[in-house]
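With our numbering as the guide, the letters of the sequence shown map in order to residues 1 to 651.
None of these hints come from the bench; they were simulated from the model. Check before you lean on any hint, since a few could be wrong.
Below, in silico cross-link-like pairs of lysine-lysine (DSS-like), each with a Cα-Cα straight-line distance of 25 Å or less [what the hints assert, rightly or not]:
1) Lys368 with Lys350
2) Lys332 with Lys351
3) Lys369 with Lys351
4) Lys369 with Lys339
5) Lys367 with Lys350
Label pairs and their in silico Cβ distance ranges [as the list claims (entries may be wrong)]:
6) Ile61 with His100: 54 to 64 Å
7) Val154 with Gln28: 53 to 63 Å
8) Glu341 with Val186: 10 to 20 Å
9) Gln134 with Leu168: 52 to 62 Å
10) Ala287 with Ser364: 42 to 52 Å
11) Glu183 with Glu210: 30 to 40 Å
12) Phe644 with Glu203: 20 to 30 Å
13) Ser121 with Leu72: 53 to 63 Å
C-beta atoms are modelled at their ideal positions from N, C-alpha and C, and glycine is treated no differently.
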Amino acid sequence: MNPSDRDASLSSLRRTALWTALRLRIDQTLSRAFLLLPLPLLFAVGALTYIKVARPAADTIQTLAFAGMVPLLVFLIGTAHAWLKARPEHIGALALDRHHGLHDRITSALSFSELPPTERSPLMNAAIEDAVVQAKQLKPRRAAPFHVPRELPVVGLLIAGLVGVALLEVRTTKILPPDKSFEPMVMSPDDIELFKDMAKELEEKSKDPEVQSAVRKFNQLIEDIADRRLDRSEVFKRLEEMERELMKGAEADKEALEEGLKSLANELEKSELSKPIAQPLKQKNLADAEKAMRELAEKLKNKQKPPSKAELDKLREAVKKASEKSSENLKKLEAERQKAEEEQKRLLKKKQENDGGLSESDKSLLKKKERQLERLDREKDQAKRAQRQLSKLDRELAKAAEDLLKEMGASAEDFEKAAEDLNRMAQEEMTDQEKEELRRRLQEMREVMRQQGKGGKERMQRMLKFGQKARGGKGGQQGGEEDGEGQGKKGQGMKPGEGGDLVMGPGSGGKSIPIPGMGQGQGQGQGQGQGQGQGQGQGQGEGGGDKPGGEGAGKGGESWGTGHDENLKGEASNLKGSTKDVTAAAQDTGQGGASSQVIYGAAQRGFVGRGYKKVYTDYKTVAERVMNEDQIPPGYRFYVQRYFQLIRPRD
1 MNPSDRDASL
11 SSLRRTALWT
21 ALRLRIDQTL
31 SRAFLLLPLP
41 LLFAVGALTY
51 IKVARPAADT
61 IQTLAFAGMV
71 PLLVFLIGTA
81 HAWLKARPEH
91 IGALALDRHH
101 GLHDRITSAL
111 SFSELPPTER
121 SPLMNAAIED
131 AVVQAKQLKP
141 RRAAPFHVPR
151 ELPVVGLLIA
161 GLVGVALLEV
171 RTTKILPPDK
181 SFEPMVMSPD
191 DIELFKDMAK
201 ELEEKSKDPE
211 VQSAVRKFNQ
221 LIEDIADRRL
231 DRSEVFKRLE
241 EMERELMKGA
251 EADKEALEEG
261 LKSLANELEK
271 SELSKPIAQP
281 LKQKNLADAE
291 KAMRELAEKL
301 KNKQKPPSKA
311 ELDKLREAVK
321 KASEKSSENL
331 KKLEAERQKA
341 EEEQKRLLKK
351 KQENDGGLSE
361 SDKSLLKKKE
371 RQLERLDREK
381 DQAKRAQRQL
391 SKLDRELAKA
401 AEDLLKEMGA
411 SAEDFEKAAE
421 DLNRMAQEEM
431 TDQEKEELRR
441 RLQEMREVMR
451 QQGKGGKERM
461 QRMLKFGQKA
471 RGGKGGQQGG
481 EEDGEGQGKK
491 GQGMKPGEGG
501 DLVMGPGSGG
511 KSIPIPGMGQ
521 GQGQGQGQGQ
531 GQGQGQGQGQ
541 GEGGGDKPGG
551 EGAGKGGESW
561 GTGHDENLKG
571 EASNLKGSTK
581 DVTAAAQDTG
591 QGGASSQVIY
601 GAAQRGFVGR
611 GYKKVYTDYK
621 TVAERVMNED
631 QIPPGYRFYV
641 QRYFQLIRPR
651 D
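Modelling step: build the complete structure from the supplied sequences, incorporating the hints.
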């Protein structure tokens with residue numbers, strides 16, 4: 001055999017041996033894979049069955065998925081190991097020799113062929129030629145057959161079970177929640193008109209763009225409620241967002257500004273020339289402080305009666321210290337805080353060194369330092385706010401103090417600029433007051449909606465009737481003739497005194513107007529009420545509802561009622577003549593109706609007319625003054641405000 005034919009046959013023999021080795025590798029890998037595959041399949045069948053039957057929550061399903069990664073990793077790692085495991089170099093040739101009974105001829109020939117031709121002996125060449133002759137008879141499929149894994153039936157059953165469970169539909173009875181219907185927030189037309197008027201008044205009064213933008217949002221909210229485009233939760237959400245935007249940092253800025261102005265005033269009052277500025281600053285009267293600042297500027301401009309050198313020196317010193325007060329306060333607080341923080345770090349380090357143990361005195365000191373740091377952080381934040389708000393004023397005062405050394409004319413201009421800055425701060429304060437007023441309106445609106453939510457449809461019906469009567473209409477067919485069944489029973493209807501409504505009126509021969517939601521709550525009482533005309537009486541007895549007392553209304557005809565409560569004890573109260581008549585008509589001119597007559601007339605005609613408007617304004621002014629001067633609980637304050645909202649004059 002010539003060398004070229006021998007080399008070609010030898011290459012074919014080598015490929016046959018490699019293919020046989022590959023078949024052996026595949027067979028062993030498949031055997032390992034089928035051995036390990038039941039683990040993930042068994043877990044998958046169990047987990048899927050549990051999910052189908054028990055319908056667990058999403059987090060439980062996620063936990064099962066993570067747990068299933070364990071048997072899957074075991075399968076993948078075991079299969080990869082079987083494929084990558086090291087094997088003998090000529091394992092394919094050995095399998096061929098073993099199957100065909102060649103007694104290692106193929107293996108020996110392949111080993112000899114790896115040597116250079118010059119190193120081969122004649123015997124080696126003869127062995128190679130003999131193997132080449134046998135190469136035509138070699139059959140790799142028989143030498144390395146693929147075996148059917150013993151685990152194949154188990155794997156097949158598990159796969160079939162997994163598919164079956166996946167296709168299985170476990171029927172369960174599930175009660176579907178009712179479709180979420182949209183229930184719009186409903187407000188009575190009377191209240192919508194009220195809040196529209198409030199928004200219009202605020203918009204006309206304010207010139208600040210930020211406030212006007214907030215008022216426009218408020219107006220849009222009212223329009224959306226009127227058109228029933230929002231539900232209750234969305235309305236409250238928008239109210240909260242608007243209030244949060246309005247009051248973002250406002251309270252803290254206000255306190256910081258007041259504290260900064262107070263410190264400024266303390267320094268300015270040390271000079272006789274600047275003392276008139278200090279007094280209004282202490283009282284937070286920025287308009288008067290601006291006026292005093294301009295007067296000081298004019299005094300410095302006056303060449304005929306200029307201040308003395310001593311007065312100017314005192315003024316310069318006071319103004320200089322005043323301009324530096326904000327930064328000095330901040331530096332002082334920072335130094336104090338740094339000292340407290342170092343002391344806290346020392347105690348914490350000592351605690352770590354002693355394995356968490358501290359003496360009682362050190363523990364007390366550590367808590368004290370923590371509280372001190374919290375307080376200093378608050379004060380430092382306030383000082384920064386004050387410095388930020390007073391920075392321009394401080395610069396003007398510092399420049400004025402510097403110019404006082406040169407010429408009074410330049411310092412006068414600096415004081416005028418400082419006055420302008422005070423004017424700017426006063427305008428900002430007015431803007432803050434407008435924001436606060438709008439915030440109060442938002443709170444009133446929220447409280448009105450809460451009250452309406454408690455009363456439900458019945459309260460809304462009463463509000464609609466009340467709104468009609470307040471404008472002089474009849475307000476429906478129910479009400480007037482059934483007002484007050486005088487026994488003060490627990491309220492079950494819309495009769496004043498029983499349903500928790502306050503009653504307005506009546507006049508001579510007129511009808512009462514119940515004010516929804518403004519009564520004293522449900523009550524139980526005995527005795528016939530005192531009435532006047534078709535009048536109204538007040539039941540005597542013990543309150544049994546949400547609020548004490550119960551208001552009844554009696555049919556007394558044209559005379560006073562005659563009922564008596566047997567539970568009353570003791571003698572009648574002696575008024576000692578301390579009462580006085582307040583029904584005098586027009587005490588200044590003697591003409592016109594008394595206030596009570598005007599109010600009773602309003603009960604008959606509705607809250608209309610110029611006379612009623614004047615009486616309403618007088619009464620509301622007194623009520624607002626009392627609420628501002630006295631300590632009125634917030635709950636009662638709302639009811640007073642709501643009362644005046646309901647009886648406001650209508651056009």
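- Query: Does the structure break any of the earlier hints, and which numbers would those be?
  - Reply: 2, 7, 8
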